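So the protein lines, in turn, are chains C and X. Residues in the first sequence are numbered consecutively from 0, following numbering that gives the first Met the number 0. Residues in the second sequence are numbered consecutively from 0, following numbering that gives the first Met the number 0.
These are computed hints drawn from the structure, not numbers from a lab. Treat each hint with caution, since some may be false.
[Said to hold, decoys possible] Beta-carbon label-pair distances, calculated as ranges:
| id | chain 1 | residue 1 | chain 2 | residue 2 | range |
| --- | --- | --- | --- | --- | --- |
| 1 | X | Gln123 | C | Gln144 | 47 to 55 Å |
| 2 | C | Asn198 | X | Asp54 | 41 to 49 Å |
| 3 | C | Val188 | X | Ala274 | 42 to 50 Å |
| 4 | C | Gly159 | X | Gln46 | 32 to 40 Å |
| 5 | X | Ser178 | C | Tyr260 | 40 to 48 Å |
| 6 | X | Val297 | C | Ala38 | 32 to 40 Å |
| 7 | C | Asn256 | X | Asn305 | 28 to 36 Å |
As the structure is a computational prediction, the values presented were derived from the model and not from experiment. Note that the Cβ used here is the ideal one computed from N, Cα and C, for glycine as well.
Each chain is listed here by its residues.
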Amino acid sequence: MANKRHVALGLTDDDVLEMYRTMVLARKIDERMWLLNRAGKMPFVISCQGQEAAQVGAAFALDRNVDYVAPYYRDVGVVLAFGMKAEELIASGFGKAMDPNSGGRQMPGHFGQKKNRIITGSSPVATQVPHAVGFALAAKLEGKQFVTFTSLGDGSTNQGDFHEALNFAGVHKLPVITFVENNRLAISVPYDKQVASENIAIRAKAYGMKGYKVDGQDPLAVYEVVKLARERAINGEGPTLIEAETIRLTSHSSDDNQSVYRSEEELEEIKKNDPIILFGNYLKEVGLLDEEKIKAIDDEINRQVNEATEIAEKAPYPKPETLYDYVYEQ
Amino acid sequence: MAQMTMIQAITDALRIELERDENVLVFGEDVGKNGGVFRATDGLQKQFGEHRVFDTPLAESAIGGLAIGLALQGFRPVPEIQFFGFLFEVMDSIAGQMSRMRYRTGNTEQAPITIRSPFGGGVQTPEMHADSLEGLMAQTPGVKVVIPSTPYDAKGLLISAIRDNDPVIFLEHMKLYRSFRQEVPEGEYTIELGKADVKREGKDVTIIAYGAMVHSSLKAAEELEKQNISAEVIDLRTVSPLDVETIINSVKKTNRAVVVQEAQRQAGVAANVVAEIQERAILHLEAPVLRVTAPDTVYPFAAVENEWLPDAKDIVAKVLEVIHF
């Protein structure tokens with residue numbers, strides 16, 4: 000029997016199977032939204048594919064009963080782990096009234112759900128980072144025991160808000176984890192045309208915080224480092240910057256074509272790093288999964304996604320007369 | 000009752016709200032020990048502690064973003080932007096984020112934030128310090144834009160702004176900070192947001208203004224009185240949402256109107272007021288509604304500032320045009 004790394008991290012067999020299921024669910028919801036988009040039923044899709052291990056590994060390391068997340072548009076894995084439902088995500092893609100993020104008022108991928116402590120965001124990238132720091136400041140002011148987790152892409156770390164927010168978090172030693180999912184592409188522009196530093200994690204030093212680089216295709220490695228960051232935050236040891244090296248399997252969104260700016264070879268190469276296959280292999284090695292069990296999980300999640308699609312498709316759009324609602328308090 | 004300058008009235012309002020509601024937080028650049036570059040927060044950190052009144056790094060976008068995060072956690076942030084010319088650094092937080100919070104979350108979240116900021120000309124601070132940028136804010140649904148012209152109004156409006164559950168941009172004209180004192184009641188009182196105030200009653204013409212231009216308009220009204228012209232002066236107090244009712248009721252009485260703003264002419268609050276009047280009361284008008292504004296240039300250098308800014312003489316001239324139309 001192979002080394003059970005997850006046990007050493009304090010994770011049960013059920014925990015890692017749940018992580019795997021969440022990754023597969025994120026992938027299959029995403030794939031379904033692409034199908035609906037290509038069928039002309041859904042206006043826009045933006046993808047999590049390739050980054051599920053980083054997202055789910057990180058989310059499982061948080062306390063999902065008290066912590067807050069300020070995610071970015073790829074974080075289907077994070078919001079599923081925090082309680083958003085498959086049908087809610089698909090309804091958001093359709094712009095249906097039942098979309099918990101905004102009632103169909105925002106772009107898909109702009110996650111926000113108060114009851115699950117998912118903090119609503121905006122479209123310019125990195126604007127969620129100062130919001131998360133505001134949450135962390137609130138925790139410190141009120142002596143509350145929660146951590147705020149915010150995530151963003153590598154390109155977004157060039158925004159002024161990233162700098163302004165991390166500097167503030169560093170000055171006040173706030174309980175906030177900034178998690179960069181580095182897929183080495185900002186839509187079409189590669190890392191070396193985006194970021195001057197050799198990696199993102201070393202930027203932490205300038206903000207007086209710890210920085211870690213981790214293999215984002217390995218949910219257990221991500222879990223370990225986020226868990227450590229969370230403990231440090233709760234213990235008053237301040238913020239952490241984590242860079243998870245990952246891959247983007249799809250185009251940026253349904254509105255661009257990555258073959259314009261990525262080679263065939265590159266696209267073939269990254270498929271070898273598909274996190275669902277890699278984590279499936281680990282679970283096979285430790286005897287928790289086999290081909291038959293993987294197929295059973297796939298079938299079960301396909302059913303779940305089919306049902307979710309049906310619910311979301313049947314759900315009504317927001318009523319036109321709600322157009323004028325909620326500009327100001329009523 | 001005490002005689003107060005506008006800056007003292009503002010400090011008084013902040014103190015009352017900090018005392019009354021522990022969720023009120025005051026923060027910004029130099030607002031702590033220094034008490035703000037204009038002393039609006041003087042003594043507040045000492046009285047309420049560093050956890051209620053604190054300095055931020057020089058980072059306006061972070062100030063706006065922090066305010067949003069704190070507001071979503073139940074606080075009532077009252078950040079200061081040191082000069083409203085720095086609005087552009089915090090514009091996304093205001094126009095792209097907090098103004099849309101209620102709408103984009105389907106009413107599950109709100110952003111009860113009051114952004115205070117000094118602005119306005121006539122004190123020898125050139126561009127980016129003196130600019131009147133309220134028109135940019137007034138074009139942003141979801142925020143309220145409040146501009147007091149007196150110490151009494153400043154206190155009552157600021158208390159209302161802090162208690163309001165929507166974001167309020169509270170603009171303090173620098174020239175009015177210490178230019179005169181007024182009786183201001185002790186303790187708390189509120190003035191409803193979105194309500195204009197008739198600062199002087201008249202029957203021949205309505206002059207509509209806000210901020211420092213209210214005082215230029217009152218001065219103009221005194222001049223006009225000598226020429227037997229009775230001018231009504233309306234202080235908008237809130238430029239968005241606009242109190243259309245008060246404006247229209249006055250214009251229906253006087254049948255003539257002049258709208259005054261310190262900002263440049265194009266696409267401003269005054270243009271909006273003119274449009275509302277002609278859409279709702281055109282059959283009551285005896286003359287076109289005219290505007291008194293600054294010209295369409297960048298805010299100028301100090302040597303020509305007083306020529307550039309509208310003043311009482313310009314207002315008198317414009318009123319005579321509509322009277323003798």
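Tested hints:
The hint said 47 to 55 Å for the Cβ distance between glutamine 123/X and glutamine 144/C, and at roughly 52 Å that hint holds. At about 32 Å, the beta-carbon gap between asparagine 198/C and aspartate 54/X misses the expected band of 41 to 49 Å. At about 44 Å, the beta-carbon gap between valine 188/C and alanine 274/X stays in the expected band of 42 to 50 Å. For glycine 159/C and glutamine 46/X, the hinted distance range of 32 to 40 Å is satisfied, since their beta carbons lie about 33 Å from each other.
In this structure, serine 178/X and tyrosine 260/C break the distance hint of 40 to 48 Å, their C-beta atoms being roughly 60 Å apart. For valine 297/X paired with alanine 38/C, a C-beta distance near 52 Å fails the hint of 32 to 40 Å. Range check, asparagine 256/C to asparagine 305/X: about 59 Å between beta-carbon atoms, so the 28 to 36 Å window is missed.
Against the hints set out earlier in the document, violations occur for numbers 2, 5, 6, 7.
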